[in-house]
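Undergrad: Read off the chains here:
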Amino acid sequence: MLIPGALFLAVVLLYPMLVMVWRSFTDPGIENYTELFETGLYLRVLFKTFQVGVIITLFCLLIGYPFTYLMTRVSPKWRLVLLAAVILPFWTSWLVRTFAWMALLQDTGVINDLLTGAGIIDEPLALIRNLTGITLGMSYIMLPFMVLPLYATMGKIDWTLVKAARSLGASPFRAFTRVYLPLSMPGVLAGSFLVFVVSLGFYVTPALLGSKQNMMVGELIVTNFSQNLAFGQSAAMSVILLATVVGLLWVAAKTTPIMRYLTGGNNP
Amino acid sequence: MRKTGLSMKAAVGFALFIGVVALSACGGGSGGSDGGSVTYAGWGGTFQAAENKAWFEPFQEENPDIKVLQDQPVDVAKLAAMQEADNVTWDVISTSDAEGYDDETTLEKIDCDVVECGGFVKGIEFNGYRMPYYSWSVALTYNTDEVSPEPNGWADFFDTEKYPGKRALWNQATGDTLEAALIADGVKPEDLYPLDVDRALAKIDTIKDDVIWFEGGDECRQLVASGEAVMGNCWNDTVAAGQEEGEPIEIAWNQCFILLGSLGIPKGSKNVENAQKLIAFMTSDENNANVSNYATNGPVKEAAVKNVDPAVAKNLPTSYSDVCITVDRTSLVEEGADALKKMQDYQTK
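Here the protein sequences come in this chain order: A and B.
Per the numbering used here: the first sequence = residues 1 to 268.
Per the numbering used here: the second sequence = residues 1 to 349.
Quick caveat, the hints were computed from the structure, so don't treat them as lab data.
Remember, it's a predicted structure, so these values are computed and weren't measured experimentally.
Be aware that a few hints might be false.
Said to hold, decoys possible - Residues of chain A clear of chain B, computed beta-carbon distances all greater than 10 Å:
#1 Met17
#2 Gly29
#3 Leu58
#4 Tyr65
#5 Lys77
#6 Val86
#7 Val197
#8 Ile258
To be verified - Taking CB as the label site, the calculated pair distances span:
#9 B:Thr46 - A:Trp159: 57 to 65 Å
#10 A:Phe90 - B:Glu244: 34 to 42 Å
#11 B:Asp102 - A:Leu2: 42 to 50 Å
#12 A:Thr34 - B:Pro58: 53 to 61 Å
#13 A:Leu18 - B:Ser319: 50 to 58 Å
#14 B:Asn63 - A:Glu31: 48 to 56 Å
The beta carbon of each residue, even a glycine, is placed where N, CA and C say it ideally should be.
Based on the sequences and whatever the hints tell you, model everything.
TA: Set out below in structure tokens:
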């Protein structure tokens, strides 16, 4: 069973990636990289992309953690309702959902119309074409990637352990930080990692809900590839992005047990 | 134990993989050409549907032996990849002005014995490779409920004191947006090229808090029609579509930019002869204006202009050619990449 899988990956993943790395150095040459480091544009956009990735991850965690906790504590019927609330949007194109956010958030959108109509505000709130728009739109799309790994972990936490901590005199806060939180960490790490890495590849949603100041590296790569036809340099941009992510994963693997969680190892 | 098992399998897998790659390299290049077809690659959507009715259906009727096939969307990067792989499946491609690739190395020469290479509307030039076949426009579009009196050119567009409100600006460096900024800054149309990108960006910077960058024509129409922006440099065909729906949008034609769609035959095409025939059909004096029956786009041939329905003509830039500006395609191709980088650098600061 491993051979067809390995073959498939080799053809559709490994080979194109090798070609990409090769061309980044040879088409026309190393200047693909030196130019990226000399002009500030690429590094600035790369930094902003990681910044957005971190913000989206934290935001998803902030919403996803209590939400998942609630899922584990309600009756099976309500659990299904909550799960559906997270999964259902998955069945709608994310582009359509992004347009829906635009209709809600823009200056002449639903939210601002309601607030100005009710006399609560005079000038429309700046909800779109800034970091607020990106955070709302992207977190909404990424939330299932956080909730599902969290649920896989938190659903299995033995509640009697928390009860035991309480009966031994721990405050609710202490029982949470010393017992529940450590037990849920595999889900937190796996979910955060998924959300962060997938977020880095976004560019249409940030382009529509954010400003050009929040341009993501994906947009830069696409325009450089499809408009400037600079295949080699676009490859170099992708290689740097890939190397940075792999580097981060390596650091994460060294400092946390994340690899064990991602590969389905046992919970601690 | 587990480790050795894996690497054995990996080695076998890799050997098989090399075999597959070698096989596929030998088997390539068998595109579906039987000598009797021509494959057109266009932009897709409603415009290609219009092209189909305007040109491909009648061409097919006239030439039953040549099978017309269609693909979409056309993509310069995809074409470049096809040509690198030596497996070009397109015979005629639709191109826009701002697309920065080298005509001489990518395209076959148009055969002027088959195609009528002259007789263009004033201001339209033909470089031997890309055959103009329709015109469209990026023009100052405004919301009639929010803007009064009618703005008169790009200086008004960039004057947010006289006309307060947001501006939708096309996120496309060359071919319109930078040009509009330069005209607003007092550059004469004949002095536009080479583009002074820094000066254009400085002009855009004067209204930076009011700029909404948009990517496509429908977005611009929606932004201006909803009042989210009060003006935009929108595409004339989407504005006409909005007006039909009763939206409060109008074009102020002064200083509009005339852009062209052009046809090219990619090098590596296996049906060059049929491609020349199709291009000749689409750009003939007789047929060139057909597209105006199905889309808000104008002909490029002088003799075809009279065939356009007057109701459509009022929405076409060709009717305002004395006040409009034709962009310089050759300069755009040379300057496009640098202009885009400078613009992105400005946008992300």
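Undergrad: Hey, is leucine 58 of chain A genuinely clear of chain B, shortest beta carbon separation above 10 Å?
TA: It holds; leucine 58 of chain A is separated from chain B by about 23 Å at its closest Cβ, greater than 10 Å.
Undergrad: Holds or violated: the 53 to 61 Å window for the beta-carbon distance between threonine 34 of chain A and proline 58 of chain B?
TA: With a Cβ separation near 54 Å, threonine 34 of chain A and proline 58 of chain B satisfy 53 to 61 Å, so the hint holds.
Undergrad: Regarding the assertion that valine 197 of chain A does not contact chain B, is the least Cβ-Cβ distance greater than 10 Å?
TA: Given that every Cβ of chain B is farther than 10 Å from that of valine 197 of chain A, nearest at about 22 Å, it holds.
Undergrad: Beyond 10 Å from chain B, beta-carbon-wise, is methionine 17 of chain A?
TA: Given a closest Cβ separation of 13 Å, the condition holds.
Undergrad: Using the C-beta atoms of phenylalanine 90 of chain A and glutamate 244 of chain B, is the stated range 34 to 42 Å upheld?
TA: Once the Cβ atoms are compared, 36 Å apart, the range 34 to 42 Å for glutamate 244 of chain B and phenylalanine 90 of chain A holds.
Undergrad: Does the Cβ pair aspartate 102 of chain B, leucine 2 of chain A satisfy 42 to 50 Å?
TA: Hint holds: Cβ distance 46 Å, inside 42 to 50 Å.
Undergrad: Using the C-beta atoms of leucine 18 of chain A and serine 319 of chain B, is the stated range 50 to 58 Å upheld?
TA: holds, 55 Å
Undergrad: If I take the minimum Cβ distance from isoleucine 258 of chain A to any residue of chain B, is it greater than 10 Å?
TA: Per Cβ check, isoleucine 258 of chain A is outside 10 Å of chain B; nearest 21 Å; holds.
Undergrad: Does valine 86 of chain A sit more than 10 Å from chain B, CB to CB?
TA: holds, 30 Å
Undergrad: Asparagine 63 of chain B and glutamate 31 of chain A, beta-carbon distance inside 48 to 56 Å?
TA: Since asparagine 63 of chain B and glutamate 31 of chain A have Cβ atoms about 49 Å apart, the given range 48 to 56 Å holds.
Undergrad: Would the least Cβ to Cβ distance between glycine 29 of chain A and chain B come out above 10 Å?
TA: Glycine 29 of chain A clear of chain B: closest Cβ-Cβ about 17 Å, beyond 10 Å.
Undergrad: Check the non-interface label on tyrosine 65 of chain A: least C-beta distance to chain B beyond 10 Å or not.
TA: About 32 Å separates tyrosine 65 of chain A from the closest Cβ of chain B, which puts it past 10 Å; holds.
Checked against the numbered hints listed earlier, the structure breaks none of them; every hint is satisfied.
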